[in-house]
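If you read the protein sequences in the order shown, they are chains A and Z. According to this note's numbering, the first sequence is numbered sequentially starting from 1. According to this note's numbering, the second sequence is numbered sequentially starting from 1.
Keep in mind that the hints are not guaranteed to be accurate.
[To be verified] Facing chain A, according to a computed beta carbon distance under 10 Å, are these residues of chain Z, among others:
hint, residue
1, Leu17
2, Ile22
3, Gly23
4, Arg143
5, Trp144
6, Ser154
7, Val161
8, Asn162
9, His163
10, Arg166
[Said to hold, decoys possible] If you anchor each label on the Cβ, the simulated ranges turn out as follows:
hint, chain 1, residue 1, chain 2, residue 2, range
11, Z, Glu21, A, Gly181, 42 to 50 Å
12, A, Asp40, Z, Pro19, 50 to 58 Å
13, A, Arg74, Z, Pro18, 42 to 50 Å
14, A, Ala124, Z, Ala151, 43 to 51 Å
15, A, Asp122, Z, Ala151, 37 to 45 Å
Don't read these hints as lab results, they were simulated from the structure. For glycine and all other residues, C-beta sits at the position ideal for the given N, C-alpha and C.
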Amino acid sequence: MRQSAVRPFLLIPFLLLFSSQAIQAKEDLTARDWLERMMDAVQRLNYQGTFIYLHDNQLETMRIVHAVENDRVRESLASLNGHPREVLRDEESVTCVIPESNQVSVDRRAPSDKFLNLLPEDLAQLEQHYTFHLLDRSRIANHKAQIVTIVPNDRLRYGYRFYLDSDTGLPLKSDLMNERGEVVEQTMFTELEVGKAEISDLYHRESLFTYRLQNNADAEDSLTDDKITRWAFQRLPSGFKLTLKHYLPDPDSSAPIEQYVFSDGLGSLSVFVEPGGHGVGLNGASRLGAINAWGGHIEGYQVTAVGEVPAVTLLGVVQGMQLKP
Amino acid sequence: MTEQEFERLSALIDDELPPSEIGGEVTKLNQQGDARERWSHYHLIGDAMRHEIGPLYSTGLAQSISQQLQDEPVVLAPAAIRRTGSARRKTLTGMAVAASLAAVAVVMAPQLINPEGSEAQPTVAQQPAAENKTFYVAQDGTRWELLKKPAVESKLNAYLVNHQERSPASNIKGIMPYATFVSYDGKKQ
Chain A
1 MRQSAVRPFL
11 LIPFLLLFSS
21 QAIQAKEDLT
31 ARDWLERMMD
41 AVQRLNYQGT
51 FIYLHDNQLE
61 TMRIVHAVEN
71 DRVRESLASL
81 NGHPREVLRD
91 EESVTCVIPE
101 SNQVSVDRRA
111 PSDKFLNLLP
121 EDLAQLEQHY
131 TFHLLDRSRI
141 ANHKAQIVTI
151 VPNDRLRYGY
161 RFYLDSDTGL
171 PLKSDLMNER
181 GEVVEQTMFT
191 ELEVGKAEIS
201 DLYHRESLFT
211 YRLQNNADAE
221 DSLTDDKITR
231 WAFQRLPSGF
241 KLTLKHYLPD
251 PDSSAPIEQY
261 VFSDGLGSLS
271 VFVEPGGHGV
281 GLNGASRLGA
291 INAWGGHIEG
301 YQVTAVGEVP
311 AVTLLGVVQG
321 MQLKP
Chain Z
1 MTEQEFERLS
11 ALIDDELPPS
21 EIGGEVTKLN
31 QQGDARERWS
41 HYHLIGDAMR
51 HEIGPLYSTG
61 LAQSISQQLQ
71 DEPVVLAPAA
81 IRRTGSARRK
91 TLTGMAVAAS
101 LAAVAVVMAP
111 QLINPEGSEA
121 QPTVAQQPAA
131 ENKTFYVAQD
141 GTRWELLKKP
151 AVESKLNAYL
161 VNHQERSPAS
171 NIKGIMPYAT
181 FVSYDGKKQ
């Protein structure tokens with residue numbers, strides 16, 4: 001009780017100090033400071049805007065709304081071209097709205113999501129495999145922008161180039177670069193409003209389709225569970241670590257699908273292992289925008305790897321898979 | 001796997017090493033079981049980077065291919081030559097590498113180029129009209145490359161959503177990774 005009464009009075013001078021410092025010191029910010037600002041802004045601010053998305057020589061327009069209310073985040077991403085496709089996400093669920101079925105189901109999100117966020121101290125760790133650079137200033141969607149790059153130190157991960165709003169830190173333009181330094185995906189706001197966020201309810205309700213976010217809350221993070229097969233991953237691409245092991249119920253089989261998530265802190269991929277011999281599965285390599293996928297049979301299991309990493313990294317992980325004796 | 005190893009092996013694969021160093025690298029590879037395994041590993045990776053990858057077999061691949069090599073050395077050279085167009089302009093050193101490490105040739109067999117069941121890219125010579133037409137078809141979204149199997153695509157999409165929900169650094173990218181997904185057009189054929 002006493003604490004809550006005192007806290008607001010203590011906070012005000014701190015906030016004032018912080019904000020005035022932030023304004024004064026903007027000239028001296030390092031690349032890492034800018035990235036911290038971006039991470040904070042993307043999550044904490046209310047904003048909505050229209051951006052263009054370019055990949056594989058295709059140009060699309062999308063609308064993003066990010067609303068924060070009482071520390072709860074709701075966000076929506078909708079395509080403004082072609083079929084009205086939309087993804088809605090809040091603390092509990094992800095709903096993908098695709099007009100090809102009359103089905104809607106809202107699925108629970110993994111409870112471990114809180115741990116997936118990159119923290120400022122993690123940036124130090126990222127610097128083992130990436131180098132941050134502060135480049136020129138620019139202007140995007142009539143906002144002043146600072147260019148910051150995250151350049152991979154090798155060819156096992158993708159790089160990023162961000163044009164950050166000088167006032168808020170929000171990424172006005174993002175370029176994703178492949179292992180050869182070629183831009184493979186770009187997003188750029190054409191219009192952005194900060195401090196405003198209006199999420200309409202599902203407005204294509206007559207035609208909804210949801211890709212189920214499969215979840216089994218009890219099994220989350222059960223790294224030592226003996227019921228599932230145990231795979232060893234040897235000679236992982238440098239910097240990549242197993243960050244999460246999880247299993248998903250398979251509607252077609254009694255055996256669960258295992259999911260292994262690997263990450264270097266920024267780039268990540270998942271390996272899904274299902275008992276072979278039934279159902280359909282990817283056989284070979286495929287690509288969707290900057291996402292690479294590979295599927296095949298290993299030791300009698302259907303293995304599918306998916307991730308926003310170079311194909312070389314995906315295969316490096318899969319090739320080192322071994323069933324523990 | 002380090003970047004340095006990667007560079008060294010990929011230089012050998014791409015025939016970029018000076019001739020004086022090739023002999024040493026090949027000897028090293030032949031002597032070291034582990035390195036030989038990696039060689040086949042990196043070759044697959046090289047192919048994958050050129051989007052030529054097909055089914056990947058068991059992890060004992062390098063070993064079984066080695067055995068095949070001893071049994072039937074003759075079979076392997078033609079496969080090596082057929083691998084890519086660029087192979088044709090390779091010099092004797094390139095051929096020597098291919099022949100001594102014929103394991104590689106099997107890994108790269110041309111029938112593995114496309115995922116099973118997907119349609120091969122039509123060559124201009126075979127289907128010039130169809131090729132031209134595809135350039136002008138209205139594109140209204142994305143689809144998984146080289147796949148024309150709705151069931152497999154749907155499964156990949158489900159995996160993709162599951163991956164994105166559990167991939168770290170979600171605050172640096174926010175909902176943006178879903179852009180790929182939102183742009184996905186299931187109806188396009």
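Structure-based check of all given hints:
For Leu17(Z), the interface hint is violated, since its Cβ never comes within 10 Å of a Cβ in chain A; the closest pair sits about 18 Å apart. The beta carbon of Ile22(Z) is not positioned within 10 Å of any beta carbon in chain A (closest approach about 22 Å), and the interface hint is therefore violated. The criterion of a C-beta within 10 Å of any C-beta in chain A is not met by Gly23(Z), whose closest approach is roughly 26 Å, and the hint is violated. The criterion of a C-beta within 10 Å of any C-beta in chain A is met by Arg143(Z), whose closest approach is roughly 7 Å, and the hint holds.
Among the interface hints, the one on Trp144(Z) holds; its C-beta lies about 5 Å from the nearest C-beta in chain A, closer than the 10 Å criterion. For Ser154(Z), the suggested interface contact is upheld, since its CB lies about 8 Å from the closest CB of chain A, less than 10 Å. Using the Cβ-Cβ criterion of 10 Å, the hint placing Val161(Z) at the interface with chain A is satisfied: the shortest such distance is roughly 5 Å. Checking Asn162(Z) against chain A by beta carbon gives a least distance of about 6 Å; that is within 10 Å, so the hint holds.
Because the beta carbon of His163(Z) sits about 4 Å from the nearest beta carbon in chain A, less than 10 Å, this interface hint is met. For Arg166(Z), the interface hint holds, since its Cβ comes within 10 Å of a Cβ in chain A; the closest pair sits about 5 Å apart. At about 26 Å, the CB distance of Glu21(Z) to Gly181(A) disagrees with the hint of 42 to 50 Å. For Asp40(A) and Pro19(Z), the Cβ-Cβ distance of about 55 Å falls inside the hinted range of 50 to 58 Å, so the restraint holds.
The hinted window of 42 to 50 Å between Arg74(A) and Pro18(Z) is violated, with their beta carbons roughly 60 Å apart. Take Ala124(A) and Ala151(Z): their Cβ atoms lie about 44 Å apart, and the range 43 to 51 Å holds. At about 38 Å, the beta-carbon gap between Asp122(A) and Ala151(Z) stays in the expected band of 37 to 45 Å.
Of the numbered hints stated above, those contradicted by the structure are hints 1, 2, 3, 11 and 13, listed in ascending order.
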